[in-house]
Amino acid sequence: MSRKDFESDQDVRWCPGCGDYAILATVQRLMPELGVDREKIVFISGIGCSSRFPYYMNTYGFHSIHGRAPALATGLKASCPDLDVWIVTGDGDALSIGGNHVIHLMRRNVNVQMLLFNNQIYGLTKGQYSPTSELGKVTKSTPYGSLDHPFNPAALALGADATFVARTMDRDPKHMKVILKRAHAHRGAAFAEIYQNCNIFNDGAFFTYTEKESKPENTVFVQHGKPLVFDGGRKGLRLSGFSVEVVDLTNGQWSASDCVVHDETSRDLASVLARVFFKPGFPQPFGVFYAEQRPTYDDEIQKQMELVMDQRGTGDMAALLNAGDTWNIN
Amino acid sequence: MATQAPEKSVKLIPEATILFAGDSGDGMQLTGSQFTLAAAYARNDLATLPDFPAEIRAPAGTTYGVSGFQLRFGSVDVRTPGDDVDLLVAMNPAALKVNLARVHAHSAIIVNTDAFERRNLDLAGYTSNPLEDGSLEDRHVIPVKLTQLTRDALKDTGLGHKEIDRSKNMFALGLALWLYSRPMEPALEWLGNKFAKRPEVRDANTQVLKKGYHYGETTEQFIVRYDVAEAQMPPGRYRAIRGAQAMAMGLVAAGQKSGLTIFYGTYPITPASDLLHELSRLKNFGVMTFQAEDEIAAIGSALGASFGGHLGITGTSGPGLALKSETLGLAVMTELPLVVVNMQRGGPSTGLPTKTEQSDLLQSLFGRNGEAPLPVLAASTPGDCFETAFEACRVALTYMTPVVLLGDGYLGNGSEPWLIPSLDSLPDIDVTFADASHEANAEEGFLPYLRDQKTLARPWARPGTKGLEHRLGGLEKQDKTGNVSYDPENHELMTRLRAEKVERVADIIPKTVVHGDESGDVLVVGWGSTRGAIEAAVVEARKTGKRVGSINLRFLNPLPSDLGEVLSRFEHLIVPEINDGQLVMVLRSRFLLPFKSVTKMQGQPFKSSEIVSAIENASS
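Which chain is which? The protein sequence lines are A and B, in order. All residue numbers for the first sequence refer to the numbering used here, where the first residue is -13 and numbers rise by one. All residue numbers for the second sequence refer to the numbering used here, where the first residue is 2 and numbers rise by one.
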């Protein structure tokens, strides 16, 4: 199997220059490496630009309705646990109309991968602000600036007790591939936020983090067991109370060994990192924030079915129909 | 049963209607259902009407906290829970006040006189005590110190006051069982099982039950005792069945007959939750249940399971169906089998959660965006819930379509004797999944929308099947390929194909059965749970020499193909519904005939006398 085997015969209809292309290419490149039979793979999406994704994958796919992909995915995965189920969603789909399903998918820990393409804007409806848009954003629907406080997707996922929380970006396909591979390897609900550029309605929203000139100083790539250093080793993040502070590693006062060593298994640290969120003077974290092993919903529901089957034997329909007090009339 | 030779005269009566009424906490539902079992045990035909408030424990003594359980049992054909009651058991003044209108003159009222004190009278809004002010003169009032007698019976048990008072419903049950010569065995057995781990409570309740029974024998208050002979019913094995139970078993039977796992995704809502309770116990029948986070997730999960090759089912009530409508549209577009059970209740909005209504018919038929037709079926009696549920699944699987299955609160909670069916008597449901052989059918590969010539159903290709990878979705499908298509001609073609497919369901609808006269003066066209009241009314109306028939439509969409012909055999057509005239709107537009609408919107089923009047008015 190669990347080609995962390309469907449908023309890709995203705007030229859209960040979605890079994500699609990365996913198609990743697929052959996963060792999963193509027919076992299902992509489920909601509504929005990102949600057209399944049409372009030569796997099973379901382009459902706005916000509801997690619901369909839960039913599918619970009843067909041997399928490899991926959810593709956007910031509006997942965090606005479908917010409720996202948190429940996370807490139940359904063994699926959720790829959240975050472009901080509504694309398919032509440019209204989204639940991740920054406060005061001027859009067609908010000519005087948006008034709502944006969601912090990683913190939201952690708040819903997600067992895998990660962030990556469209313009770093190498990192994206590593993260998506990790998400796939994770047994449980894997939440992967992908910063994705909408070059039509919100161009450059993440350029600070994605462009060569500004990226080193403004991003920190977290890795399990490694100290949190960035800007080519010139800066680091050091624990300070319940938060982190940026320290200069060049003036001799601090060294990498003073910096926080990332521990994916620490929910507390993950929460601290998730809170480093568009914080002035701080780098935006990317990578796997948190990974935890917890029984998955699909495993548990199957186990319970088997347990009841073992305890009570295969259901006898005639016995069920004739249960309770019965009487004969001749 | 420890029956002594009755000292009082026993009068054989063909039928009786009893209503147990009290506070929500008085255990009236339990009392009523135990009497139901006793009547079933004595082989009476019966019908029940549980009627309880939406509040779990409304303040004691208030009229809005009154919970009632009405049942009619007899040696005759019993189709309704009775228009008026022969015996009202009123545990407090509020219960009397709420239900007095149902007690016709000379009928009996057993009152718990202990509860008729100032405070309770005030709560019920009585300015004077009805037991003393002569207002009940034309009724046969039987005052019983139910609370005191129960306390006396249990004074040496060491149980607390609260626990003792809680068992007074058993006294009422015992007394009612004695009055109608029904057996105590089912109740005794039930108490034994229910309180197996609390023998002191079991013994106390047993003692009170028997005390109530013997009280009837010893007190001077009753001059006559009644007996009701066995009903003449078709031979076979019977059990008492509630609609929710029958519905659950019908769905399970469809799973068995199709060889599919059932995935029941739902969100609790009155009065559909019972279906979840029933199904969640049946995992060893291949029933997976999922309590979703909301109504939308419930149907979404069921559709996801259907996509995976299972029988996806979701259950709800009116407001929940509203939330599910977008996903129903998706199921129409993706042409996947799905059954949505809607146990209707009074609406709009939250409406009357515990009361019955048939007001979701138009929502079920049309409540979606776009042209989104789907089959709609309605169950007509508690027992019929079994067969209709099975049929709904068969339609969904045969035609690859979502189906709405309508019940209502009255059906779900009501019970009747049920001739137990055998699995063999049900038709097979043939489910064939697409496999690699389909791939060879088309040059360009698998065509997920290539239709069966007879049913117009598209192939069902489960994820996991090699070579049939395809994408479904809510965007318009290109004919055959299922690819996204905005082509104008294609959209019209697909819209027509989806409609035609649903119309073809009529091919499997059996010939319409007319109850009563096959032709004549008046045809009563009903659907759903009004069947009992309508058929009883037809029997009555025919006694006057009129030629009257009735039909009950199990299929509301499509309508049976012979319906027009049946309608043409009658001069007058009336359509009784527990709504403001929904089916009649459909029938008028379809047949352009002068249907007369008969409606009721009181949260209560029709009385058969109301239908009798409607029949009389129609032809006069």
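What the hints contain is simulated information worked out from the structure, not anything from laboratory work. Here the structure is a predicted model, which means the values were calculated and not measured. Fair warning: there could be bad hints in the mix.
Claimed, not checked - List time: in silico DSS-like cross-link candidates among lysine-lysine, alpha-carbon distance up to 30 Å:
| # | chain 1 | residue 1 | chain 2 | residue 2 |
| --- | --- | --- | --- | --- |
| 1 | B | 156 | B | 146 |
| 2 | B | 544 | B | 597 |
| 3 | B | 601 | B | 98 |
| 4 | A | 167 | B | 608 |
| 5 | B | 467 | A | 26 |
| 6 | B | 284 | A | 289 |
| 7 | A | 26 | B | 212 |
| 8 | B | 211 | A | 26 |
| 9 | B | 601 | A | 289 |
| 10 | B | 467 | A | -10 |
| 11 | B | 467 | B | 544 |
| 12 | B | 544 | B | 481 |
| 13 | B | 212 | B | 195 |
| 14 | B | 156 | A | 26 |
| 15 | A | -10 | B | 12 |
| 16 | A | 126 | A | 112 |
| 17 | A | 167 | A | 126 |
| 18 | B | 258 | B | 195 |
| 19 | B | 258 | B | 156 |
| 20 | A | 289 | B | 467 |
| 21 | B | 601 | B | 547 |
| 22 | B | 195 | B | 156 |
| 23 | B | 198 | B | 211 |
| 24 | B | 284 | A | 163 |
| 25 | A | 160 | A | 126 |
| 26 | A | 289 | A | 265 |
| 27 | A | 163 | A | 212 |
Unchecked claim - Listing some non-contacts, in silico: residues in chain B with all C-beta distances to chain A over 10 Å:
| # | residue |
| --- | --- |
| 28 | 10 |
| 29 | 25 |
| 30 | 162 |
| 31 | 301 |
| 32 | 304 |
| 33 | 323 |
| 34 | 470 |
| 35 | 511 |
| 36 | 597 |
The beta-carbon is built from N, C-alpha and C at its ideal position, and this holds for glycine as well.
The hints, checked one at a time:
no. : hint          : result
1   : B:156 x B:146 : holds (15 Å)
2   : B:544 x B:597 : holds (22 Å)
3   : B:601 x B:98  : holds (22 Å)
4   : A:167 x B:608 : violated (66 Å)
5   : B:467 x A:26  : holds (8 Å)
6   : B:284 x A:289 : holds (11 Å)
7   : A:26 x B:212  : violated (66 Å)
8   : B:211 x A:26  : violated (64 Å)
9   : B:601 x A:289 : violated (49 Å)
10  : B:467 x A:-10 : holds (17 Å)
11  : B:467 x B:544 : violated (66 Å)
12  : B:544 x B:481 : violated (58 Å)
13  : B:212 x B:195 : holds (19 Å)
14  : B:156 x A:26  : violated (69 Å)
15  : A:-10 x B:12  : violated (87 Å)
16  : A:126 x A:112 : holds (8 Å)
17  : A:167 x A:126 : violated (37 Å)
18  : B:258 x B:195 : violated (34 Å)
19  : B:258 x B:156 : violated (56 Å)
20  : A:289 x B:467 : holds (27 Å)
21  : B:601 x B:547 : holds (24 Å)
22  : B:195 x B:156 : holds (22 Å)
23  : B:198 x B:211 : holds (21 Å)
24  : B:284 x A:163 : violated (40 Å)
25  : A:160 x A:126 : violated (35 Å)
26  : A:289 x A:265 : violated (44 Å)
27  : A:163 x A:212 : holds (20 Å)
28  : 10            : holds (28 Å)
29  : 25            : holds (26 Å)
30  : 162           : holds (34 Å)
31  : 301           : violated (3 Å)
32  : 304           : violated (6 Å)
33  : 323           : holds (15 Å)
34  : 470           : violated (5 Å)
35  : 511           : holds (22 Å)
36  : 597           : holds (39 Å)
Hint compliance for this structure: hints 4, 7, 8, 9, 11, 12, 14, 15, 17, 18, 19, 24, 25, 26, 31, 32, 34 are not met, and every other hint is.
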